[in-house]
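As a plain string of letters, each chain reads:
Protein chains: 2
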Amino acid sequence: MKDNFKLMHEDGKARAGKLQLKHGVVNTPIFMPVGTQGSVKTMSPDELKDIGAEIILGNTYHLYLRPGHKLIEDLGGLHKFASWDRPILTDSGGFQVFSHSGLNDITDEGVHFQSHIDGSKHFLTPELSIEIQNSLGSDIIMAFDECTTYPAEKGYVRDALERTTKWEKRSKEAHVNSENQLLFGIIQGGMHKDLRKESAEQIIDIDFPGYAIGGLSVGEPKDIMFDILDYTTEIMPQNKPRYLMGVGTPLDLINGVSMGVDMFDCVMPTRNGRNGTVFTSQGRINIKNAQFKRDPKPIDENCDCYACKNYSRAYIRHLYKSREILALRLNTYHNLYFYLNLMKRMRRAILENRFEEFKNNFVENYKN
Amino acid sequence: MKDNFKLMHEDGKARAGKLQLKHGVVNTPIFMPVGTQGSVKTMSPDELKDIGAEIILGNTYHLYLRPGHKLIEDLGGLHKFASWDRPILTDSGGFQVFSHSGLNDITDEGVHFQSHIDGSKHFLTPELSIEIQNSLGSDIIMAFDECTTYPAEKGYVRDALERTTKWEKRSKEAHVNSENQLLFGIIQGGMHKDLRKESAEQIIDIDFPGYAIGGLSVGEPKDIMFDILDYTTEIMPQNKPRYLMGVGTPLDLINGVSMGVDMFDCVMPTRNGRNGTVFTSQGRINIKNAQFKRDPKPIDENCDCYACKNYSRAYIRHLYKSREILALRLNTYHNLYFYLNLMKRMRRAILENRFEEFKNNFVENYKN
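These protein sequences, in sequence, are chains F and W.
Quick note: the first sequence uses the numbering used here, first residue 1, plus one each step.
Quick note: the second sequence uses the numbering used here, first residue 1001, plus one each step.
Just so you know, these hints were derived from the structure itself, not from any lab.
Each hint should be verified, as a subset may be incorrect.
[Said to hold, decoys possible] Only pairs whose alpha carbons sit at most 25 Å apart, straight line, appear in this in silico PhoX-like list of lysine-lysine: (1) W:K1080 x F:K293; (2) F:K309 x W:K1022; (3) F:K70 x W:K1293; (4) F:K293 x W:K1121; (5) W:K1321 x F:K80; (6) W:K1154 x W:K1169; (7) F:K49 x W:K1309; (8) F:K154 x F:K169; (9) F:K80 x W:K1293; (10) F:K309 x W:K1293; (11) F:K70 x W:K1297; (12) F:K80 x W:K1288; (13) F:K121 x W:K1321; (14) F:K22 x W:K1309; (15) F:K169 x F:K193; (16) W:K1049 x F:K49; (17) F:K309 x W:K1070; (18) W:K1297 x F:K80; (19) F:K309 x F:K288; (20) F:K321 x F:K293; (21) F:K154 x F:K121; (22) W:K1154 x W:K1121; (23) F:K344 x F:K22; (24) F:K70 x W:K1080.
[What the hints assert, rightly or not] If you anchor each label on the Cβ, the simulated ranges turn out as follows: (25) F:D105 x W:R1294: 29 to 35 Å; (26) F:R271 x W:E1153: 34 to 40 Å; (27) F:Q291 x W:K1070: 14 to 20 Å; (28) F:R348 x W:R1294: 26 to 32 Å; (29) W:H1116 x F:I117: 33 to 39 Å; (30) W:T1149 x F:R294: 35 to 41 Å; (31) F:K70 x W:N1104: 54 to 60 Å; (32) W:N1368 x F:E301: 50 to 56 Å; (33) W:T1149 x F:R271: 42 to 48 Å; (34) F:K6 x W:K1367: 55 to 61 Å; (35) W:N1310 x F:D105: 56 to 62 Å; (36) W:E1173 x F:R294: 29 to 35 Å; (37) W:G1052 x F:R271: 54 to 60 Å; (38) F:K367 x W:D1207: 57 to 63 Å.
Glycine residues also receive a C-beta, built at the ideal position from the N, C-alpha and C atoms.
Looking at chain F on its own, in the form it has when it is part of the complex (with noise of 0.2 Å):
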């Protein structure tokens, strides 16, 4: 696929475009819901519709490790297997592996790690990587990468940005299925512009059709992130799409965009709705705190989310109070309509040249 991203419009740092991928347009600037296993926690398909997602993301650790992606495969790929016709993309595997298995060994050649599902040991490097996403056929594939944290030592910093560019060589090397599914690159260099503009230059130079900012929002204060993050965006194509991998709040969003970010996924909205923080207009709430034990507005009087057009606080906290699942799927359908509808808000002020000005007004009556 050739020019499948286009860039519609900026508004100084902000941008809109258009994304063309084999299931489908996005239309970024775009949040990704987070479907880990195959299943956005507790949405269906329909419903994720219903509130315009429009690209969703899965793990590859997890779906490598459960049901694994020979199986997915088998059964016609990821978009059959979960019921979703719209655009997925998938990760490398790297970060989870690191974040969620036991003991890992990294090699020049890959990495080696436990199961947490079962200790098992497996070892995961650029070309399994990229056999198990072509297996599950997302849209858009990403490189692996070592992602670091933070705070770490710049040489550890600097080891692992050559360990990525040469696993990202090998990625592109591995892909087979060009023509129906994107692989981005990943730009690394922890908190340090020089190693970030070395990772950047090496990983533009292998050439992906987007890229994606990896290890940010791991630990660092945000002043920091935003000053990397801004920087990083300065020195990417203009022409490709850019990624903040992992983030974040809303005001992450606004602020990534600001920058020039199109594209973001996060578990907040899903994993802070489960437990009983919502988002709205005015800033976040917890559903479950006494103060709601009677009140009977909506979550946010500003919303026209189903849940917020059906259901007072008192109801939602009684269902919480009471383990009933459906409190968990109405405040999951409205913090993902949350971050979907601010994303598409946003990218109408892009469009209209007042970015600033919507960016100004939310954070003025947004409280945290």
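Guided by the hints, dock chain W onto chain F, whose structure is given.
Relative to chain F, chain W alone:
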């Protein structure tokens, strides 16, 4: 409300009718999904409508303890609280007091019991049960009774029967909203035909717009249950709806209808669904079994519900193994659809004078 029940057709002892309630018409024979705590577990009200649910059940015991009937009344009643605008039936709380709570102590006045939530002490009387149900605003409310289990001493069953008659009289006297809420009486008498006759005569003498058969499916063998049921429906009024409480399996529903029952409720489709057991036209299967690991077929090839149209057994099994909530949703959705569809098919067969043929056909294919 007068003449709220219209018996439309009989085919043998099986009946098809219409029951006009405050929030709509219910076509009998009917199955009522159980929404114990103000939610049919895992389901949204919209999904209940999708699968054709015409009436759901709420549990007085649970809603009294949490969030409290006064809170629900303050927020506009159970229909508004739970965003369900079709009919609701609530039980009296009596059965749940015996099965769920700690120490309980029965006097002629009522039942002392401890909350299963916080151990707090409560005293449930016919008057309080009706007050709670009046506050909830359900379309059908149940008289307060004492349900005996199996086996039980005949002397005790007789005592409980007599107490039940007194309690049901007091229930009727306490009921303040007979214009909008139908109060059903309950016939007890255990596994003794002479006591069933005695109870039926006393309860029918009080005069209710509908009657339930209580105290069946409480541990007795199926042949005893159906012998007592067949006997009891013989001595119940023809022109009033008949409700068999807490029953049962698909075969129980078919046998119940064949003996002249109009209404059923049971946690079986919802609870089994959550445990992985799904009903098919060939019998029950457990979707977690290894044999379904790579099975591309739907739960039931003869079913056209949302779950069966969109998902394979392999996918649902994967969701179970991965503890994804969508697994519980899809199984519950399918099981309730299976139950409600079975009722619809029975109703059609009755109206077309081929119920016996339908029953034989179903039983022949249904293996467990």
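Going down the list of hints, with the structure as the test:
| no. | hint | verdict |
| --- | --- | --- |
| 1 | W:K1080 x F:K293 | holds (16 Å) |
| 2 | F:K309 x W:K1022 | holds (24 Å) |
| 3 | F:K70 x W:K1293 | holds (12 Å) |
| 4 | F:K293 x W:K1121 | holds (22 Å) |
| 5 | W:K1321 x F:K80 | holds (19 Å) |
| 6 | W:K1154 x W:K1169 | holds (23 Å) |
| 7 | F:K49 x W:K1309 | holds (17 Å) |
| 8 | F:K154 x F:K169 | holds (23 Å) |
| 9 | F:K80 x W:K1293 | holds (16 Å) |
| 10 | F:K309 x W:K1293 | violated (39 Å) |
| 11 | F:K70 x W:K1297 | holds (18 Å) |
| 12 | F:K80 x W:K1288 | holds (20 Å) |
| 13 | F:K121 x W:K1321 | holds (20 Å) |
| 14 | F:K22 x W:K1309 | holds (24 Å) |
| 15 | F:K169 x F:K193 | holds (22 Å) |
| 16 | W:K1049 x F:K49 | holds (20 Å) |
| 17 | F:K309 x W:K1070 | holds (23 Å) |
| 18 | W:K1297 x F:K80 | holds (13 Å) |
| 19 | F:K309 x F:K288 | holds (19 Å) |
| 20 | F:K321 x F:K293 | holds (10 Å) |
| 21 | F:K154 x F:K121 | violated (30 Å) |
| 22 | W:K1154 x W:K1121 | violated (30 Å) |
| 23 | F:K344 x F:K22 | holds (22 Å) |
| 24 | F:K70 x W:K1080 | violated (48 Å) |
| 25 | F:D105 x W:R1294: 29 to 35 Å | holds (32 Å) |
| 26 | F:R271 x W:E1153: 34 to 40 Å | violated (55 Å) |
| 27 | F:Q291 x W:K1070: 14 to 20 Å | holds (18 Å) |
| 28 | F:R348 x W:R1294: 26 to 32 Å | violated (45 Å) |
| 29 | W:H1116 x F:I117: 33 to 39 Å | holds (34 Å) |
| 30 | W:T1149 x F:R294: 35 to 41 Å | holds (38 Å) |
| 31 | F:K70 x W:N1104: 54 to 60 Å | holds (56 Å) |
| 32 | W:N1368 x F:E301: 50 to 56 Å | holds (51 Å) |
| 33 | W:T1149 x F:R271: 42 to 48 Å | holds (44 Å) |
| 34 | F:K6 x W:K1367: 55 to 61 Å | holds (57 Å) |
| 35 | W:N1310 x F:D105: 56 to 62 Å | violated (41 Å) |
| 36 | W:E1173 x F:R294: 29 to 35 Å | holds (31 Å) |
| 37 | W:G1052 x F:R271: 54 to 60 Å | violated (34 Å) |
| 38 | F:K367 x W:D1207: 57 to 63 Å | holds (60 Å) |
The structure shown violates the earlier hints numbered 10, 21, 22, 24, 26, 28, 35, 37.
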